[in-house]
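Protein chains: 2
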Amino acid sequence: MVEQLAFNQLAPRSNRGGPIRDFMWKNPVPTVDVIIEKDDKIVIIRRKNEPKGLALPGGFVNEGEILEERAIIEAKEETSLDVELKELLGVYSDPKRDPRLHTITPVFIGKPVGGHVKGGDDAADAFWMNIDEIKSHEFAFDHKKILMDYLKWRKQKGTYWSTK
Amino acid sequence: MVEQLAFNQLAPRSNRGGPIRDFMWKNPVPTVDVIIEKDDKIVIIRRKNEPKGLALPGGFVNEGEILEERAIIEAKEETSLDVELKELLGVYSDPKRDPRLHTITPVFIGKPVGGHVKGGDDAADAFWMNIDEIKSHEFAFDHKKILMDYLKWRKQKGTYWSTK
Numbered sequence: 389m390v391e392q393l394a395f396n397q398l399a400p401r402s403n404r405g406g407p408i409r410d411f412m413w414k415n416p417v418p419t420v421d422v423i424i425e426k427d428d429k430i431v432i433i434r435r436k437n438e439p440k441g442l443a444l445p446g447g448f449v450n451e452g453e454i455l456e457e458r459a460i461i462e463a464k465e466e467t468s469l470d471v472e473l474k475e476l477l478g479v480y481s482d483p484k485r486d487p488r489l490h491t492i493t494p495v496f497i498g499k500p501v502g503g504h505v506k507g508g509d510d511a512a513d514a515f516w517m518n519i520d521e522i523k524s525h526e527f528a529f530d531h532k533k534i535l536m537d538y539l540k541w542r543k544q545k546g547t548y549w550s551t552k
Numbered sequence: 389m390v391e392q393l394a395f396n397q398l399a400p401r402s403n404r405g406g407p408i409r410d411f412m413w414k415n416p417v418p419t420v421d422v423i424i425e426k427d428d429k430i431v432i433i434r435r436k437n438e439p440k441g442l443a444l445p446g447g448f449v450n451e452g453e454i455l456e457e458r459a460i461i462e463a464k465e466e467t468s469l470d471v472e473l474k475e476l477l478g479v480y481s482d483p484k485r486d487p488r489l490h491t492i493t494p495v496f497i498g499k500p501v502g503g504h505v506k507g508g509d510d511a512a513d514a515f516w517m518n519i520d521e522i523k524s525h526e527f528a529f530d531h532k533k534i535l536m537d538y539l540k541w542r543k544q545k546g547t548y549w550s551t552k
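Residue numbers (my numbering), protein chains in the order written: chain A, 389 to 552; chain B, 389 to 552.
Watch out, some of these pointers could steer you wrong.
The list treats identical chains as interchangeable, and a pair is accepted whether it falls inside one copy or across any two copies.
Straight-line distance between alpha carbons at most 27 Å, and here's what the computed DSSO-like set of lysine-lysine pairs gives [to be verified]:
no., residue 1, residue 2
1, 552, 540
2, 414, 429
3, 484, 506
4, 414, 552
5, 523, 464
6, 464, 552
7, 545, 440
8, 464, 414
9, 540, 414
10, 436, 545
11, 429, 506
12, 474, 532
None of these hints come from the bench; they were simulated from the model.
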């Protein structure tokens, strides 16, 4: 039904910039985040832009880009680490997860394969955090929920999403 | 970098429909697909609309919707089955995976919990296919790749994506 509705809704709006644009306006925006892990530590960034606070490295996916390649680019830009992706933790799509707009974010788990942690680009800072410390911190977006799911994943694997 | 670039690019376009719309125009569009399994069979649909052919049930995600809820709605509309989601198989984002536009699709694995298979909405037909038959069929989009990953998942679990 969505498919038909979405295309049907194009007609009255086609004078405002073309049908494709209006069609896409109805959709959430894809982003991607990465949990970089090594032993009992993960990489956390401190965001330079709003919403500020601690968060996982990640960012918006551009049209024409492959998700996993954008994940590696964002990890490098924000943490200075070369990262190899290992697994997908889950996909998070709660419309309230980002105060700016509705985003859908797949979250990868990866490992560092080069470089040293240093904040860059949208990250004012980047550092290793012991997983025992996760519970005692607040995080931007729904990254606390994502990280609590990650702690479950370390014990029992599985895949996760916003309402699970 | 994406985040900053994307917002910076808004200004010159703001006379063409508002910044948010132009911002989103740069992003792939999220869809969601579901592999409904029972024993050694999965549900396949025959698409009513272009691109025609065999495919997994699924569809576009609307702004404001939670991904997993849209997955359950699409499964019901296209196969008449009530579905419970069990795991996430992966996320597929190859820009060429859909001939119409760049889509990103998380793929859930679910089980039927009610109803009988019957095509509806965008599905001209829906039916159970034995997993042994997957290899001998062609599918729309990148659904053959997704289904080959699903066959791996049945043997060794794990999570999958376009370039893995």
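* Please flag the earlier hints that this structure goes against, numbers listed from lowest up. => Violated hints (numbers, rising): 2, 3, 7, 9, 10; every other hint is consistent with the structure.
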